[in-house]
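Dock chains X, U and R against chain W, hints included.
Chain by chain, the residues:
Protein chains: 4
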Amino acid sequence: MNKNLMKWVQEGNITIPRALLTYYKELNINEEELVLLLHVFSFLETGNDFPTPPEISTRMTISVSQCSELLRKLIQKGFITIEDGQSTDGIRYEKYSIEPLWEKLVQAFLMGQNQQQKEQNQQTEM
Amino acid sequence: MNKNLMKWVQEGNITIPRALLTYYKELNINEEELVLLLHVFSFLETGNDFPTPPEISTRMTISVSQCSELLRKLIQKGFITIEDGQSTDGIRYEKYSIEPLWEKLVQAFLMGQNQQQKEQNQQTEM
Amino acid sequence: MNKNLMKWVQEGNITIPRALLTYYKELNINEEELVLLLHVFSFLETGNDFPTPPEISTRMTISVSQCSELLRKLIQKGFITIEDGQSTDGIRYEKYSIEPLWEKLVQAFLMGQNQQQKEQNQQTEM
Amino acid sequence: MNKNLMKWVQEGNITIPRALLTYYKELNINEEELVLLLHVFSFLETGNDFPTPPEISTRMTISVSQCSELLRKLIQKGFITIEDGQSTDGIRYEKYSIEPLWEKLVQAFLMGQNQQQKEQNQQTEM
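Chains as they are written, first to last, in this note's numbering: chain W, -17 to 108; chain X, -17 to 108; chain U, -17 to 108; chain R, -17 to 108.
The shape of chain W in the complex, shown without the other chains:
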């Protein structure tokens, strides 16, 4: 009992800004893409810097090739970038970064706030 509960605790949680749920649509991200981004985020957090399409698609309801295709699209749209890393012993490797996603989200959030502000001002004027 103790042991299963410990396993659960070790799995941990994934925390995302609520704004991601509110604004992904504005970023032209659909639900499948959002979940794929969450998977990449989760893999990064748990130390897998470059999850492969087979690794990701195992957890999704899409095929490996559909997963590859989605990943390619998300990179093309600029939500994920591939960066170069270098391990302590000098071996170079590739890793994903979803920093661009947060940047675009912050932009969308700020635009949303401006929009709300404008609408409030208009209502006050009327």
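Worth flagging that the hints you see were computed from the coordinates, not collected in a lab.
Check each hint, because a few of them may be wrong.
[Said to hold, decoys possible] Computed list of lysine to any residue pairs in SDA-like fashion (alpha-carbon distance at most 25 Å, straight line): (1) Lys(-11)(X) / Leu92(U); (2) Lys77(R) / Ser24(R); (3) Lys(-15)(W) / Val46(R).
Same frame as chain W, but now just chains X, U and R:
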């Protein structure tokens, strides 16, 4: 500047067990359904106990009627229940609960742990 | 087994901006006060809007009167405010808000960022 | 503006089981020790596996030597362990683990649940 950052902080975060990402597929939940469940979870957390299909679909890439249909399916499959609440002044109202989702997730997680344990035992025996 | 794990899941998590850990000292908050603020935050999240010193001190290593004293100090310093609420049937009640804590934290964070920026500029100039 | 908000997002959040707040007292952890544990947890999450007393105490209201002393006590009480790591190029290093804290917390939580169960049974019998 200060003001927009405060707005971001007030939006807050949404935290889910990592196991939900790892096991939703086992629960026969697809990506669209997962995201709809996240929206319901988020609405509940922010005090909207009974979000309507229009409210939910505004944030999703699906239509109101598709959203109604998905909600109905998730209730039918037993991931969401509708419960009766009563406000302090005696007015009855309906609210969603996603407790059943967590229960099914916990079951799937425990089955997954058992499975892993069995496989490890078999490997030890071989 | 299932049951205890469900209880754990129902307890849920508490998520705070990492900046709170990094900056509470700058806000002249000490460790005891920080933990008391976390307790108030947690009570608010779980629907107890106005936890009493006995309720809070039960979970802390300090006495009820020390807890009252700390609460008073945190209100005086402007980290917690007492706000008026009104239930749906018109009964007025008091509730705590820790919005002021987040505002002060955001200010400290922005000042910290400015400071870092200045230091980097000076280093570039030298 | 955008830039400061991005910095905030990059700082991220720290998520802990709510049970830690409810049960640390049962584990004979006081508020100062709890916050020190949170600092260690946060350092681990952000990639600093072996934060030094000077690094930790900079963020706390206690001196370096008090911090060393507290760390020693937490290791002695079995909440933190020092583990051996090995980098990819074979260099050995030490790192902290707070897994033992989660184990003790899970135990305290399960005992608390049992206790509640017993009390409920007794009330039913009466």
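Comparing the hints with the structure gives:
| no. | hint | in the structure |
| --- | --- | --- |
| 1 | Lys(-11)(X) / Leu92(U) | holds, 14 Å |
| 2 | Lys77(R) / Ser24(R) | holds, 14 Å |
| 3 | Lys(-15)(W) / Val46(R) | violated, 37 Å |
Hint 3 from the earlier list is the only one contradicted by this structure; the remaining hints agree with it.
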